Amino acid sequence: MHPVLKVVLQRLALGFLTLFAVSIIIFSTLSFLPGGYAQNILGQGATPETVAAFNHELGLDRPAPVRYIEWITNAVQGDFGNSYSGTTGNIKRSVSSVIGPRLYNTFFLAAMAAIIAVPVALLLGVLAALYRNSWFDRAVNSLTLTTIATPDFLIAYLLVFFLAVKLRWFSPLSTVSETTPFFEHIYKAILPAATMTLVIVAHMMRMTRASIINLLASPYIEMAQLKGMSKAQVILKHALPNAWAPIATVIAFNMAYLVVGVVITEVVFVYPGIGQLMVDSVSSRDMPIVQACALIFAATYILLNLLADVVAIATNPRLLHPK
Amino acid sequence: MTEFEMKLAQAKKAVGLGKLSRRDFIAFTMASGMTLAASQLMFAQAARAEAKKGGAFKVGCGHGQTTDSLDPATWSNGFTFHFGKSLFAAPLVQVDSKNVAQPHVAESFEPSADAQTWAFKIRKGVTFHDGRTLTPADVVATIQYHIGADSKSPAKSVLSSITEVKADGDNVIFKLKGGNADFPFLLTDYHLGMYPSKDGKIEWEKGIGAGPYVIKNFEPGVRIQAERNPNYFKDTWFDSVEMLALVDEAARTNAYLAGEVHYMNRANTKTIDMLKSAPNTELYNVSGFAHYTAPMHCDTKPFDDVNVRQAIKYAINREELVDKILNGYGSPGNDNPISESMKYSINPQPAYTYDPDKAKSLLKKAGLDGLKVDLSASDAAFAGGVDAALLMADQAKKAGIEINVIKEPNDSYWDNVWLKKPWCLCYWGGRPVADMFLSVSLAADAAWNDTNWKNPRFNELLIAARAELDEKKRADMYAECQQLIHDDGGQIVLMYNNFVGAVSTAIGHNQFNSDFDDDGGYMWERWWMA
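For the record, the sequence lines run as chains A and B. Using the numbering used here, the letters of the first sequence map in sequence onto residues 8 to 330. Using the numbering used here, the letters of the second sequence map in sequence onto residues 4 to 533.
No lab work stands behind these hints, which were simulated from the structure alone. It should be emphasised that the depicted structure is a prediction, and the values quoted were computed from it without experimental measurement. All C-beta atoms in this analysis are idealised placements derived from N, C-alpha and C, irrespective of residue type, glycine included. Just to be clear, a hint being listed does not mean it is correct.
Claimed, not checked - Using C-beta positions, here's what the derived DEER-type ranges look like:
{"no.": "1", "chain 1": "B", "residue 1": "ASN419", "chain 2": "A", "residue 2": "TYR138", "range": "56 to 66 Å"}
{"no.": "2", "chain 1": "A", "residue 1": "PRO41", "chain 2": "B", "residue 2": "ASP276", "range": "31 to 41 Å"}
{"no.": "3", "chain 1": "A", "residue 1": "LYS244", "chain 2": "B", "residue 2": "LYS219", "range": "58 to 68 Å"}
{"no.": "4", "chain 1": "A", "residue 1": "LYS99", "chain 2": "B", "residue 2": "THR356", "range": "26 to 36 Å"}
{"no.": "5", "chain 1": "B", "residue 1": "ASP491", "chain 2": "A", "residue 2": "GLU185", "range": "33 to 43 Å"}
As the list claims (entries may be wrong) - DSSO-like mimics (lysine-lysine), calculated; alpha carbons at most 30 Å apart, straight line:
{"no.": "6", "chain 1": "B", "residue 1": "LYS219", "chain 2": "A", "residue 2": "LYS195"}
{"no.": "7", "chain 1": "B", "residue 1": "LYS219", "chain 2": "A", "residue 2": "LYS99"}
{"no.": "8", "chain 1": "A", "residue 1": "LYS173", "chain 2": "B", "residue 2": "LYS273"}
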């Protein structure tokens, strides 16, 4: 079997096991939390009898293992159940219908940020390595370190204050919906995407720079230099191809962050993404939604890491053709 | 009225109706000797004064969750609060700005002599958004949905006094456990918008009501959009309305400053000056019925001694709390939970002021040299709760009272702390009438009697006053109730918080309601685009 295929299959199988473990952990963690969906909705109106009526309607009066087994059996068949907020009445609110549009929004925003951030980070990283210890290198380093060291909400507020409130180029609200046209969606997502770009560029850029510089001391680079190749050619042709593995890992890590770690950006811009949904669902103990979100987040990490490993193998002939 | 004043009044009215231009109005006023600035201000005021149709009204709301639903039994936050008040559903009764219950879907209501049976005459020709006519049967089904045996509605406890509800011709008859002269107010609860019914069951799933706006789009935790109901049985002004869930304070403020919304509620009083100085802005600042409290369990040591309770009441500097926690947007409490703008309210004497020496002497009377107590606090109780508790601890030190502040988690505060810990912080929203408030929070058998206070005289008076139709006698009874709470109760009313927000001068309105935020929840049908 092709080594890449083998790794992919092994990782996918392990990934499923991980997802299973994640679902058990989330389920039990949630049942340890005090209160419940009924108490949360009823607030001060939570008398024992209304709570009991509520729990009975949601089926929460049954033991936790029974509920878990029922949920996991349906989940493996692709049915994630209904949100507790839409279990009553004749029109159900299924988990997939709640998550679907928000997941799309999250991926949209993540993709937008990644499309800007990854090329910028790579370019800056390569340039910084090329002109290392120059004023350019230092400027790029301090700038990106400043943006990564600034909390994301502060960057977001600064962008809103200057670009939305003062200059009025953008709206401070990114409240997109399913009916928002594609280009308007892009326009509305610019500020959150810019915030996230500023937050993640430093990490990827510095890793690119470091892995290239790391290689510059190798004998084959010296050989290339002695051949009389230009600096840029040495880096692009000889150093960069060997640096892809660590860079891909960092990119994968940041892409995963773009999907799962943007709840603060979502809140500040009122962007209806999945992070806000999960936080809301945890605080209201809407179990089915939390479970589904957790699985999506876990799957994102697993898949992106797998992708990074595949890139690492594919760019390293020694791993690609083992003896 | 002089001739000029009469002409001015006519001119103002014409401006309000849009029949007189700014130029003409200013020419008229300046000709009579007014300055340009004064004339312009007067024009702006006159132009907003007369309600007229049109415009798209946008609101930034400080609440809203992805778990919000159209099921009226699940409404529990400041976003869903609006649904049954005046957005798409219409209640039987509304509260006007003078805190009087006004029939709404009901045309009129009439109590029996003992106020134990109430007949509500249902308005004829009210239609739901899908064209169905609202019938007394729909009203019965809606009420039943909340009070039925398997109900999970928070309104169940509000309506627990109803023993029977039935349709009788054009009327709906309510039978109560005991007399209640204020019963119509119970029906103003925000869960009680009317829904169409089929076979005695209401159909809430599509969000069809009889209210002023028809839902076009509802995205839980994001927004609700609605258009004017052309068949609404009363006047309503906006062509369309939209409410956005802007939970983040800064996002809400920015949205207002950038002109994305006309009105934002729950402004942060720390940054209020920024809003005040924003162009075309009117500060929404209404002192309401809501208050922050620190309930002590009167049946738990050391709070079972009235001297200890009073000592603690004197050991707290409420003025300072108002200044530091509410930044002045509120008023100090005097351990009377009935707000001064409510009917039957008194200001019990002697007022609790900060008096450490008096607190010390009261402790001595209780046979104590000093006191060490735990206070459970959290920002879930009210914004700034933990800060308030720390401030109280500092103030009480001078009176020889050592308050140990325990910071409780925000999550599940209402499940595990409130009603369970002997002393904690709490928040009470408004109730439009004294009886409603006292019955839910201080009656001996109330589920939310968070002080475990069981004063026989108070409970006797409460029941007697509820059924009393003689105004004078009733006022006396409520006065005595308030004095008892003040002297003997375990409820420390720390402060009354104002409802603070910002409303654009593009919006016209009349006097605001003080019972709840957002003009009592009636802004949708009472405000207009000026």
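Status of each hint after checking the structure:
For ASN419 (chain B) and TYR138 (chain A), the Cβ-Cβ distance of about 60 Å falls inside the hinted range of 56 to 66 Å, so the restraint holds. Between PRO41 (chain A) and ASP276 (chain B) the beta carbon distance is about 39 Å. The supplied range of 31 to 41 Å therefore holds. For the pair LYS244 (chain A) and LYS219 (chain B), the beta carbons lie near 59 Å from each other, so the given range of 58 to 68 Å is met. With their beta carbons about 57 Å apart, LYS99 (chain A) and THR356 (chain B) fall outside the hinted range of 26 to 36 Å.
The given range of 33 to 43 Å is broken by ASP491 (chain B) and GLU185 (chain A), whose C-beta atoms sit roughly 58 Å from each other. Distance restraint check for LYS219 (chain B) and LYS195 (chain A): the Cα-Cα separation of roughly 22 Å lies within the 30 Å cut-off, and the hinted pair is therefore satisfied. Distance hint between LYS219 (chain B) and LYS99 (chain A) is fulfilled; the C-alpha atoms sit about 19 Å from each other, no more than 30 Å. Between LYS173 (chain A) and LYS273 (chain B) the CA atoms are separated by roughly 21 Å; this keeps the pair inside 30 Å, and the hint holds.
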